[in-house]
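Visitor: Model the full assembly from the supplied sequences, consistent with the hints where possible.
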Amino acid sequence: MSVIQEFTKGFYRQYPVFRQILGLCPTLATSTSVENGLGMGVAATFVLICSNVIVSMIRNIVPAKIRIPIYIVVIATFVTIVDLAMAGFVPSLHKSLGIFVPLIVVNCIILGRAEAFAGKNGVGMSFIDGLGMGLGFTFALLIVGSVREILGNGTLLGIPVLGAGYEPVLLMLLPPGAFLSIGFFLGFFNWLENRRAKSQSQ
Amino acid sequence: MDLQNLFVIAIGSIFINNFIFSRFLGTCPYIGVSKQLDSAVGMGVAVTFVLTMASAVTWLSYAYFLAPNESNLFYRIFALNTPPDLSFLRTITFILVIAALVQFVEMVIQKSSPSLYKALGIYLPLITTNCVILGVALLNVEESFTFIESVVHGLSAGIGFTLALVLMAGIREKLDLADVPKAMRGVPIAFIMAGLMAIAFLGFAGLKLGQ
Numbered sequence: 051m052s053v054i055q056e057f058t059k060g061f062y063r064q065y066p067v068f069r070q071i072l073g074l075c076p077t078l079a080t081s082t083s084v085e086n087g088l089g090m091g092v093a094a095t096f097v098l099i100c101s102n103v104i105v106s107m108i109r110n111i112v113p114a115k116i117r118i119p120i121y122i123v124v125i126a127t128f129v130t131i132v133d134l135a136m137a138g139f140v141p142s143l144h145k146s147l148g149i150f151v152p153l154i155v156v157n158c159i160i161l162g163r164a165e166a167f168a169g170k171n172g173v174g175m176s177f178i179d180g181l182g183m184g185l186g187f188t189f190a191l192l193i194v195g196s197v198r199e200i201l202g203n204g205t206l207l208g209i210p211v212l213g214a215g216y217e218p219v220l221l222m223l224l225p226p227g228a229f230l231s232i233g234f235f236l237g238f239f240n241w242l243e244n245r246r247a248k249s250q251s252q
Numbered sequence: 464m465d466l467q468n469l470f471v472i473a474i475g476s477i478f479i480n481n482f483i484f485s486r487f488l489g490t491c492p493y494i495g496v497s498k499q500l501d502s503a504v505g506m507g508v509a510v511t512f513v514l515t516m517a518s519a520v521t522w523l524s525y526a527y528f529l530a531p532n533e534s535n536l537f538y539r540i541f542a543l544n545t546p547p548d549l550s551f552l553r554t555i556t557f558i559l560v561i562a563a564l565v566q567f568v569e570m571v572i573q574k575s576s577p578s579l580y581k582a583l584g585i586y587l588p589l590i591t592t593n594c595v596i597l598g599v600a601l602l603n604v605e606e607s608f609t610f611i612e613s614v615v616h617g618l619s620a621g622i623g624f625t626l627a628l629v630l631m632a633g634i635r636e637k638l639d640l641a642d643v644p645k646a647m648r649g650v651p652i653a654f655i656m657a658g659l660m661a662i663a664f665l666g667f668a669g670l671k672l673g674q
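Protein sequence lines correspond, in order, to chains Z and B.
Read the first sequence against this note's numbering and you will find it ends at 252, with the numbers running on by one and no gaps.
Read the second sequence against this note's numbering and you will find it ends at 674, with the numbers running on by one and no gaps.
The hints are simulated quantities; they were obtained by calculation from the structure and are not laboratory data.
Nothing here was measured: the structure is a model prediction, and the numbers come from that model.
Please note that a few of the clues may not be correct.
As the list claims (entries may be wrong) - Restricting the straight-line Cα-Cα distance to at most 27 Å, the calculated cross-link-like pairs of lysine-lysine (DSSO-like) are:
1. B/K574 to Z/K248
2. B/K498 to B/K581
3. B/K498 to Z/K115
4. B/K637 to B/K498
5. Z/K170 to Z/K115
6. Z/K115 to B/K574
7. B/K645 to B/K498
Guide: Spelled out as structure tokens, the structure:
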């Protein structure tokens, strides 16, 4: 498979959030605004790339039976680095993401990629895979975050976009809004897939 | 022991801050295992059990190994001048402690009760990477709960999770018979249902406890 294919599969073919339904908890919890979504996405992408590279480097010396605990330790190390770095450089973002920064450890996308890809492929490809999947995850957070921020607050990245007369739908910022908007996004992606399958079979 | 305080923690984490509907922890198993009532009950019981034990074990490991205070065992054993602050290691310690605990629980159940193992066995390995467990452990530290408070918090978080899971499984069994648009079938409609249930749970936010 070519480098470009490995990179782009994170965006559509194996889209982690909307196609494989992985990594839902952070997507639900941190998509209240574009800023939070972007912060979470960048942090997860960093951890994903680093853990993919390390896992791929050590894949030949790790005994198969205890590989999962070892992968988790590798991931937890990078999550601790991100946690401390965010607390130091962007304290307000760190505060609004709360326990979801340390919870990147149990994000199933990251362990999933270590197990499904980095444990079987070379360092370069694993880097590309981590980058593609991470950016796909960030993109999912961004679109859900923008919808919720525009509808729930009338702003995008803090800038008013819907005019002064707009009455914000507070529900979109509250927990139900996260479930509803992701439900409709999943439906939309299913609809796209159904249409593609139909046009291919004709 | 302040019973009123424990009651506030329990009701708070079952209803007001339900771990699925308001804190978004454990959504993956919530969507994955809520297709049938039987498996939802099994998963709920397994999570509650592990959560209660994990709260106790992670609290002990934080208080005696990581926290920078007088009871830190490294401080006592090595007679250090100041208690070492190892709290930055909490994520990595907790995940290892939880993984070891789940593994241990699995072995004990397998030996002592084969029928229980048959019912819960397949859910146990999934629980290690369930963010509810690590989430509750981290929240216990963040809220600086005492030992008893942490255990009650873990137990009631598990009950809240089971409640949400069983309610959802009941609805999804009925949903199978409903005429849902093709693109929305399965997971998307489950999310819409979860959204509606989260609106219902918002009603509990009006409860005023203890103040």
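Visitor: Just pull the numbers of the violated hints for me, sorted ascending.
Guide: Violated hints: 1, 3; rest satisfied.
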